[in-house]
Amino acid sequence: MDLESKRLDWWINNLKTMPRDIWLWVWQEANSLQPDTRCFAVDDGIDLSPEEQDQREVDLENSDLMCFFHKDQLEDIEQNLKAQKKDYDQRDLYAAINYYWKNDAFINLGSV
3 MDLESKRLDW WINNLKTMPR DIWLWVWQEA NSLQPDTRCF AVDDGIDLSP EEQDQREVDL
63 ENSDLMCFFH KDQLEDIEQN LKAQKKDYDQ RDLYAAINYY WKNDAFINLG SV
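For the sequence shown, this note's numbering assigns the number 3 to the initial residue and increments by one for each residue that follows.
Worth flagging that the hints you see were computed from the coordinates, not collected in a lab. Don't take every hint at face value.
What the hints assert, rightly or not - So the derived label-pair ranges between C-beta atoms look like this: (1) R93 <-> Q57: 39 to 47 Å; (2) K8 <-> E63: 29 to 37 Å; (3) D38 <-> K104: 12 to 20 Å.
As the list claims (entries may be wrong) - Here are the simulated lysine-lysine pairs, DSS-like style, with alpha carbons at most 30 Å apart: (4) K8 <-> K84; (5) K88 <-> K73; (6) K73 <-> K8; (7) K104 <-> K87; (8) K84 <-> K73; (9) K8 <-> K87; (10) K104 <-> K84; (11) K18 <-> K88.
Note that the coordinates shown come from a computational prediction; the quantities given were computed from them, not determined experimentally. No residue lacks a Cβ here, since even glycine has one placed at the ideal position from N, Cα and C.
Using the sequences and the hints, build the whole thing.
Structure representation (structure tokens):
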């Protein structure tokens, strides 16, 4: 199975140009997400036969990868952060991403 692999900062910097149906996956041993975290893209929008879809699911289940975020989730995290702090920096963004990843909730900068 060939998956496109790039650093997380590349994906974040290119959110606007990413296909809508992209899911990002990371290595299972990842315990925090940093700009250099290697992410693998799975495009649910591509046309696959039912057999190819089944095989891709099996391949992903047997890989050392775990599903991380959908493109829309990253956009929502960034928009939530921007609503709280218009001039946020990269450190703020990665804190918000890690918070969402670990808590399944948006960061509240007023309580951090």
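Now for the hints, and whether the structure bears them out:
1. For R93 and Q57, the hinted distance range of 39 to 47 Å is satisfied, since their beta carbons lie about 40 Å from each other.
2. Between K8 and E63, the C-beta spacing of about 22 Å breaks the proposed range 29 to 37 Å.
3. The hint said 12 to 20 Å for the Cβ distance between D38 and K104, and at roughly 19 Å that hint holds.
4. Note on K8 and K84: the hinted pairing holds, with a Cα-Cα distance of about 24 Å set against a maximum of 30 Å.
5. Taken as a hint, the K88 and K73 pair is honoured in the structure, with Cα atoms around 21 Å apart against an allowance of 30 Å.
6. Of the supplied pair hints, the one linking K73 and K8 holds, its CA atoms being roughly 14 Å apart against a limit of 30 Å.
7. Proximity of K104 to K87 is assessed by CA-CA distance (about 21 Å); at most 30 Å being required, the pair is judged to hold.
8. With a C-alpha separation of about 17 Å, the suggested pair K84 and K73 falls inside the 30 Å cut-off, and the hint holds.
9. Taken as a hint, the K8 and K87 pair is honoured in the structure, with Cα atoms around 27 Å apart against an allowance of 30 Å.
10. Between the alpha carbons of K104 and K84 the distance comes to roughly 20 Å, so the proposed pair stays at or under 30 Å and holds.
11. With a C-alpha separation of about 18 Å, the suggested pairing of K18 with K88 holds against the 30 Å cut-off.
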